[in-house]
Structures are given as structure tokens and as C-alpha cells.
Amino acid sequence: MSLLEVSGLRCGYGIVEVLFGLDLSVAEGELVVVLGANGAGKTTTLRAISGMIPASGSVRLDGTEVLGRRPDQLLSAGVAHVPQGRGTISALSVEDNLRVGGYQRSSAEVTEDLEMWFEVFPRLSERRTQLAGSMSGGEQQMLAIARAFMSRPRLLLLDEPSLGLAPLVTREVFDRLRDVTQQMGSAVLLVEQNANLALDFAARAYVLEAGSIVVSGSASELQGDEAIQKAYLGL
Amino acid sequence: MNDFLEVVVVGIGNGAVYAMLGLGLVVIYRSTGLLNFAQGELSMFSTFIVWTIWNAGVPLWLAILGGMAGGFLVGILLHQVAVSPLGDPHEKPLAVVIVTIALFLALNGAAQLIWGTVDKRLDPLFGQSQVTIGGVAIQWQKIGAVLVLVALATGFVLLFNRTKLGLAMRAVASNSESAGLCGVPVPRILMLGWGLAAAVGTVAGVFTAPQLGLGTNMMQLTLIFGFAAITLGGFDSLIGAVVGGMVVGILSAVVPQYVSTFERMPLAPAFILILAVLLFRPQGLFGSKEVQRV
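Chain order of the listed sequences is A and B. Counting in the working numbering, the final residue of the first sequence is number 940, and the numbers go up one at a time with none missing. Counting in the working numbering, the final residue of the second sequence is number 335, and the numbers go up one at a time with none missing.
If you are wondering where the hints come from, they were derived from the structure by calculation, not from laboratory data. Fair warning: this is a prediction, and the values are worked out from it, not measured in the lab. Every residue, glycine too, gets a C-beta built ideally from N, C-alpha and C.
To give an idea of the chain A side of the interface with chain B (calculated C-beta under 10 Å), a few residues: (1) Met757; (2) Pro776; (3) Asp777; (4) Leu780; (5) His786; (6) Val787; (7) Gly792; (8) Thr793; (9) Ala796; (10) Arg804; (11) Gly806; (12) Gln809; (13) Ser812; (14) Arg852; (15) Met855.
If you want a taste of the chain B side facing chain A, the calculated C-beta under 8 Å gives, among others: (16) Leu208; (17) Glu218; (18) Ser219; (19) Ala220; (20) Gly221; (21) Cys223; (22) Ser329.
Starting from the given sequences, assemble the full structure and let the hints guide the process.
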């Protein structure tokens, strides 16, 4: 059984439908990417899964229906979500951001994990007491990832980490992400426009176009298929 | 000189009350990012609860604790019934502000229905007696007000900076969406914010009532001074509410005394202060400036 099983997911904003019966799944510890152009429905997919917007269809976690739950309730079930734009809590210090990430865990566990993340990301350690909103985009993305892992999620939903970052910084973010997910063993459902980087990172990929999945397969298959790349990924 | 000091003492006594009301406003602002126009009426309402308990023969300090508990529940109830159904206040700030104005009217009307329109008498918590220090007579009630204010402010500073609930409240105020994604139960945090603000409001009312008489309109002017206090101190700063309350209290007592123009308009110094602060230092003395990098 998959960790996450999404089927027939439909959702929209007002009268505008964005997703038309989307199906996808993520296994325990699996790295999966959803590729697609601007406006394909990538962000909406993640927002619907984590309960940020109302949707219909089915989202199952370990076979249990979780559609309709609030994001904090989904987090208790093991799903953390780094939203588009990184979701920095800008009026809080870097350390307090991380502490909020561990809100549902005991303070002893939080303190322990905090030190671990400060070792993994020395930049965050240097800026521990600084207001998170004053950091650079790349640093905020690292913070967002570390904060999501503070809850020790089984599944991380990650919304376009490359957004607004310089190519070199994006690469660094992906490198760190790879190390960290390996270490933590969490599954990741990533949505991205940057197909090259995302396919390097993930094991399996879906291509989303105008609200439905049009192609799916292993990352290496998609990387090797020129027709798909030309048609959907603009490579 | 002694005349001047006596006026200042009056100002400090009033300022302590403005600051208490300001604390309630800051608590709501820090969890929702909004001003609560019903704060004054909430504290009037819970002061009537205090009076009801006290009038039944319970010692005043115990009645105050009872009123704070009652206010806490009223705050929670109002949030659940009138504010929460609107959804996230960060997405619909205007709707929520309008609802707080509606609650202002509703609480005032409810209090008139329950307790009538004739003012009640509430004894001062610290009695009528006074001490003379350096030739200046100071009522114990005023000293008590300052001490209670310091205790409340310290309590809230510790709550916000040292507890998990405080961390969650700060997170929700800054970015409720992210707080929710981090596992903070946003609706419950907002609800508790309302309860706490109403509870601290009780104390502001208990110190106002002996002076002005316990009536349904007693907090309306006080609320204006409370707004002036937090505008000066900074909407999101507890210390700012205390300092701002004191400054506004002293200024509003001293200025009309010495500048004859203001004799007939005691609110004017507070309004001029609000205007000046918004023009020259919109974040207030202690408020945090919005820092955002895109």
C-alpha cells in the first residue's frame, strides 16, 4: 500500500476548476516529482492534499481518508508542507521558526533536533536570533526545509523550492535537500518547473498539464524521452 | 510644584488603566494582526460580572478573579460565534474589524438589558485611603493600579516569550497559513487570544469603575486613550502599551491643566499624539517594523 494515494482529486477557485480528477501516489520513503508549466495546477495539488483549500475526490494516507482535515491535523498524521514562497514566519527569529516547526513535539525533542539542524545548516546557526524575514531567498528556503523536518514528517510536500532563486543557489538547495531526505528517510512529493534538477532528484515523475496527469514514469525514463521533453517540459 | 506632581500622579493612575486596556488590544493584535474595537465593551461587560459576584457578598478580589474567568469565557464565546465563522482574520481583516464594531454595540446593548442603565457602585480594590510622599498625596488605589499593571505586563511578556502558547500566538500573528502548516491549531490559538484579552480587560474595568461609576458607557473614552497608548507604544509591543499608557495618562492630565485651550477637550492631546505618531513614527516607540525581503 502506498503512503499517499490521491485519486480523482478535483478542486478549483470559485467557478474556475483547476484540477480535473487527478491521480497520483507516493510510497514510503519515495522521492516523487510533479512537473508542469505555470498554471498547470501544481501548487493547487499540494494545497488540496494538505487541506489548505477545499477539494473533492480522495486523499488517503496509509489507507485512511484525510481529505477535509486542517493542515495542522494533517501534520499530526505525518505530512509537512513547505508552501510556495517558502512560508517564512518573518516576524519570528530563525530559531523560533524552527521551534514552531516542532510545535507538536515535546520540547526536549525540539531542542535536540534544533541543534541537529543548526549543524546541518551552519548558515541558520549564524542567524539564529535574526528575524527570519530578513534573510536571503536561499537561506529562507533552507529554513523552510529544516522547519518542515522539525516535525519528523513521513511525507514532505515541497512547492517549487527553485522559485526566485539564482541557478547556483537552486542547485545548492537541491543538493542539501537530497542529503537531508536521505538522512531522514522521509518521502517527498515535490512540484517543480525546473525539470532538469527535479528529475535528477526524484525517482519517479508525473507531468501535470491543465489540471490532469498526462505522463508518468520513472525519472530516468522521462529524462531519456525526447518527445516528452519537447512536448511538456520545454527542454 | 506639588500641584504639578499631584496632577502627574492622577495621570499615572489613569495611565495604568489605559495601559491595561492597551495590553488587551496588543494581545488581540499579536494573534490576529487586528485592532479589536470591542475591547472596551468587553472589559465593561466583565466588570459587571465582577460587580454581580461582589454584590452577592463575595470579597472583591475573589469577585475580580471570577470576573476574569467570566470575561475569558465571554471572549471565547464571542470569538467562536461571531469572529471565527468569518474564517482567517488575516484573509478578511476588514470583515473582522467590522464585526468587532458590531460586538461593541451588541455588548453595550446586552449589558443595558442585563444590568440596566443606572450606574452601579464598585468599591476601589485598594480602598479609599492615601499616603503622603514628599508632600504629595497618593491614593493607594493608584499605587495598586500601577503594581497590578506591572504584574499583568510581566505575565504577558513571559507568556509570549517563554511559553509554547506564546510562540504559537506570535507565529499565527505573523503568518497564520505557515503556522497552520507547522502544526499550530490556528482557530484554537485565536480563540485563546480573545479569551486572554477579555480577561485582562476585566482588570482595566475594575480600576475604571470606582472612578467613573460602573455604567455601560464607562469604557468608551478609556478605549480611545487605550488606542492612543498602543499607537504611541507600538501595536505589537506589550512594553509599548505600558509606556504608552503612562505617557498618554500623564499628558492627558497635565496638558488641560496648563494649556487653557485643552480644558474643554480632554481627548484632544490623545488625538494629537495618535496623529503625530502615525505621521512620524508609524511603528510606535517599541513596535517592530515590518521586515521583509522578497
